[in-house]
Amino acid sequence: MKVSLRQVNDGISVIDLEGDFDLYSSPKAREVLLQLAKDKVPAVIVNLDKVGYMDSSGIATLIEALRALDKHGGRLILAGLNAKTMEVIKLARLEKVFEIRDNEEQAIASLKS
Amino acid sequence: MPNVESSPLIRVENIVAHYDSLEVLHNLTFDVTPRAITVIMGVSGCGKSTLLKLLIGLKKPTSGNIYVDGKNLVKMSRKELDTFRKRIGVLFQGGALFNSMTVGENIAVPLRVHTKLSEETIRIMCQLKLEMVGLAGFEDFMPSQLSGGMRKRAGLARALAMDPEILFFDEPSSGLDPITSAGLDNLILKLKSAFGMTIVVVTHELESAFTIADQLIVMDKGEILAYGTPEEVKKSTNQRVRQFLERQPEEKYSKDSQFLESLLSKA
Chain A
1 MKVSLRQVND GISVIDLEGD FDLYSSPKAR EVLLQLAKDK VPAVIVNLDK VGYMDSSGIA
61 TLIEALRALD KHGGRLILAG LNAKTMEVIK LARLEKVFEI RDNEEQAIAS LKS
Chain B
1 MPNVESSPLI RVENIVAHYD SLEVLHNLTF DVTPRAITVI MGVSGCGKST LLKLLIGLKK
61 PTSGNIYVDG KNLVKMSRKE LDTFRKRIGV LFQGGALFNS MTVGENIAVP LRVHTKLSEE
121 TIRIMCQLKL EMVGLAGFED FMPSQLSGGM RKRAGLARAL AMDPEILFFD EPSSGLDPIT
181 SAGLDNLILK LKSAFGMTIV VVTHELESAF TIADQLIVMD KGEILAYGTP EEVKKSTNQR
241 VRQFLERQPE EKYSKDSQFL ESLLSKA
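Here the protein sequences come in this chain order: A and B. The first sequence begins at 1 in my numbering and counts up one residue at a time. The second sequence begins at 1 in my numbering and counts up one residue at a time.
Hints listed in this document are in silico derivations from the structure and should not be mistaken for laboratory results. A portion of the hints provided could be inaccurate.
Covered stretches of chain A, going by a simulated chain B footprint (3 or more residues, C-beta under 8 Å) [said to hold, decoys possible]:
1. 23-37
2. 60-72
Using 16 Å as the maximum straight-line C-alpha spacing, the simulated EDC-like pairs for lysine to aspartate or glutamate come out as follows [what the hints assert, rightly or not]:
3. LYS192(B) <-> GLU87(A)
4. LYS116(B) <-> ASP22(A)
5. LYS28(A) <-> GLU18(A)
6. LYS60(B) <-> GLU13(B)
7. LYS112(A) <-> ASP10(A)
8. LYS116(B) <-> GLU31(A)
9. LYS28(A) <-> GLU120(B)
10. LYS90(A) <-> GLU131(B)
11. LYS50(A) <-> ASP102(A)
12. LYS234(B) <-> GLU205(B)
13. LYS60(B) <-> GLU23(B)
14. LYS71(B) <-> ASP82(B)
15. LYS190(B) <-> GLU87(A)
16. LYS2(A) <-> GLU18(A)
17. LYS221(B) <-> GLU23(B)
18. LYS59(B) <-> GLU23(B)
19. LYS2(A) <-> GLU31(A)
20. LYS2(A) <-> ASP16(A)
21. LYS60(B) <-> ASP20(B)
22. LYS50(A) <-> GLU104(A)
23. LYS84(A) <-> ASP22(A)
24. LYS190(B) <-> ASP214(B)
25. LYS86(B) <-> ASP22(A)
26. LYS28(A) <-> GLU119(B)
Where a beta carbon is used, it is the ideal one built from N, C-alpha and C, also for glycine.
Starting from the given sequences, assemble the full structure and let the hints guide the process.
Below, the structure written as structure tokens:
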């Protein structure tokens, strides 16, 4: 899985994930997410637009990041989930735990509002 | 992730298997479709559990081939078999948990052995799996403290630990009450849908089989009697299939004279 980080305005960090978010690739995403939490960034958007498959290690990584960011009042928003990845989130009954937006633009708008 | 949708994930070709000199599987051929639920059903002793052992590489057939993604399972080296087994999860009848470990440790074992995930990620994954099977909060229990149905669900959580591509179930409903059994059927359907898992279920439970199956295989005396979609199998005119589907008791001897003959032959 390809993991890339970029900054958008107002201190919002966007992580773009590309590929399968699974047992073998999730440690890479975890490293980047936990570093952002350590740096106390105010908001992180995880762009899952190009993730075709996510397993429970992917979800576990997102939960860990959510908690780590929450410690300093930071926010984590998931954007661009396809039907399959959304179903995985629902199977784990986490659709109300995560802030979920259809796409990056909506995620940015909700952070600004 | 499974390969192309249209090609079979597992192809079983002309499989014959023996226990000592007794032939128990006679020239079986069928395909397992990726991202679908294949149910193998039949009465006790029909050979379905032996077939499951062949499909997970626990027993070798006398002849025939089993291709997984085109690779012959029958001819795999130990290393290749290990790689194959990382792709599969198996729920055995009794759950097959390690009795000296807690439920949580049982689920964590394959993740600790086969991945480089952090302990925190593993801990959260274990919680997620327990939540999925309805055992949240039982991670510190020992298997001996659980009921049979709970042990089975804990076994399923462990089978799911590595998010397997192929999940095998051996009689998932046996020993479960109807509500838990229906809940398990529902979970099997959700696993297929959410994770795109390929699922193979061995069962003699008709209701469960027709609820979850995309394709059905009806076995009897080591042979395949019917193979197709649930609708196709329902329409089968094979007398043994009809007997099984209509739950008619087995008439071992059609005539009194046959019964007498069998007694005399053993005298």
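Results for each hint:
1. 23-37: With 5 residues in contact (Cβ-Cβ under 8 Å with chain B), the coverage given for the segment 23-37 of chain A holds.
2. 60-72: It holds, with 4 qualifying residues against the three required.
3. LYS192(B) <-> GLU87(A): Holds, at about 11 Å.
4. LYS116(B) <-> ASP22(A): 12 Å, holds
5. LYS28(A) <-> GLU18(A): Holds, because 12 Å separates the two Cα atoms, which is no more than 16 Å.
6. LYS60(B) <-> GLU13(B): 13 Å, holds
7. LYS112(A) <-> ASP10(A): 9 Å, holds
8. LYS116(B) <-> GLU31(A): 13 Å, holds
9. LYS28(A) <-> GLU120(B): 14 Å, holds
10. LYS90(A) <-> GLU131(B): 12 Å, holds
11. LYS50(A) <-> ASP102(A): 13 Å, holds
12. LYS234(B) <-> GLU205(B): 15 Å, holds
13. LYS60(B) <-> GLU23(B): 13 Å, holds
14. LYS71(B) <-> ASP82(B): 14 Å, holds
15. LYS190(B) <-> GLU87(A): 9 Å, holds
16. LYS2(A) <-> GLU18(A): Roughly 5 Å between the alpha carbons, so the hint for LYS2(A) and GLU18(A) holds.
17. LYS221(B) <-> GLU23(B): It holds: about 10 Å lies between the C-alpha atoms, which stays within 16 Å.
18. LYS59(B) <-> GLU23(B): With a Cα-Cα distance of about 14 Å, the restraint between LYS59(B) and GLU23(B) holds, given a limit of 16 Å.
19. LYS2(A) <-> GLU31(A): Within the cut-off at roughly 13 Å; holds.
20. LYS2(A) <-> ASP16(A): Given that 16 Å is the threshold and the Cα spacing comes to 8 Å, the pair holds.
21. LYS60(B) <-> ASP20(B): Given pair LYS60(B), ASP20(B) holds - Cα atoms ~13 Å apart, limit 16 Å.
22. LYS50(A) <-> GLU104(A): 12 Å, holds
23. LYS84(A) <-> ASP22(A): The hint holds at about 14 Å.
24. LYS190(B) <-> ASP214(B): 14 Å, holds
25. LYS86(B) <-> ASP22(A): The hint holds at about 13 Å.
26. LYS28(A) <-> GLU119(B): 15 Å, holds
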